[in-house]
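Engineer: For the record, the sequence lines run as chains A and B. If you count the first sequence from 1, you need to add 7 to reach the numbering used here. If you count the second sequence from 1, you need to add 157 to reach the numbering used here.
Think of the hints as simulated: they come from the structure by calculation, not from any bench. All values reported here derive from a predicted model rather than from experimental measurement. A virtual CB, placed ideally from N, CA and C, is assigned to each residue, including glycine.
Interface residues of chain B toward chain A, partial, derived using beta-carbon atoms under 8 angstroms:
hint: 1; residue: L264
hint: 2; residue: F265
hint: 3; residue: G269
hint: 4; residue: I307
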Amino acid sequence: MNEEKLCAEVENNSPHSVKKRIRNDIILVLAIILFASIALLVMLALRSEGGAAVVTVNGKPYASLPLDKDAELIIQGEDGGYNILVIKDGEAYIREADCPDKICVKHRRISYSGETIVCLPNGVSVKIEGSGGGVDAVS
Amino acid sequence: MRYHEKRFNVRRLVLLGTFTAIALILSYIEFLLPPIWSAVPGIKLGLANVMVIYVLYSLSLKDAAMVSLVRVFLSAILFGTALTLAYSLAGAVLSLAAMAILKKLGLFSEVGVSIAGAVLHNLGQILVAVIVLRTAEIGYYMIILTLTGILSGVFVGLVGSLLTKYIKFDWSKQK
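So here's chain A without its partners, still in its complex pose:
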């Protein structure tokens, strides 16, 4: 047998049989799924409570309300539309709005950093930002 053929065979023949390697593949897939689930759990555990609800209208800053104080704010949106933002028990939600779809009103209450309620018809967006020692403080 010449040298080249030998090299090719050695490269193709792993010390492990095909059956064993396929079994290892399955273990690999399970390990990846396990790792991804752990990563998801860690992310859920580490998500930080937000510090304030930042309101923007058409991308322009409108108001910023701290989450630890109960409050109500009537947001004057685009074309005379309005949304009533309520802060209660550290959570923010839209109680009332004159937009046709009411998606913002149906949105669940938000309190974690990065969560957003958007009312497209009125151009209003409420985003939870900042927290003590959260991701924002680090970056």
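Chain A is already provided as a structure; the job is to place chain B on it using the hints.
Structural biologist: This is chain B only, laid out in the frame that chain A set:
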């Protein structure tokens, strides 16, 4: 092997050029196809990785890296922007590294190696997205991309291993 004896081996140059062209065509076909799930951009088959797997198993890591990186640059120039270059480059480098290590271990078949490549490719892109968009929110997105990456990795790995098995050249032949 005589294949690697010369640094400037014309045969190698021609073969790698051909494989890169095939990989590029595969990315173009994928670029033309409608998105699989429009709500979650980034879910792709990764057809071009078929060529990378094939070259990795039939030739060498160096050749596979060459095909993969040249393909990434060319497809970014042809169908993308500087930003897509950053995304695919991060994906390609991580995925190549993972595939090289797993292949060297010898514990996994082509399919396993390809799955690791697909998942790491997605991970690289997510990392760039986190840096560019400055939000950790898209981390959740990684879970979906990991699962779809496994599926596309199985498909690409099967095709790649069939190619490796049935398309064989005498790489060293020189005339």
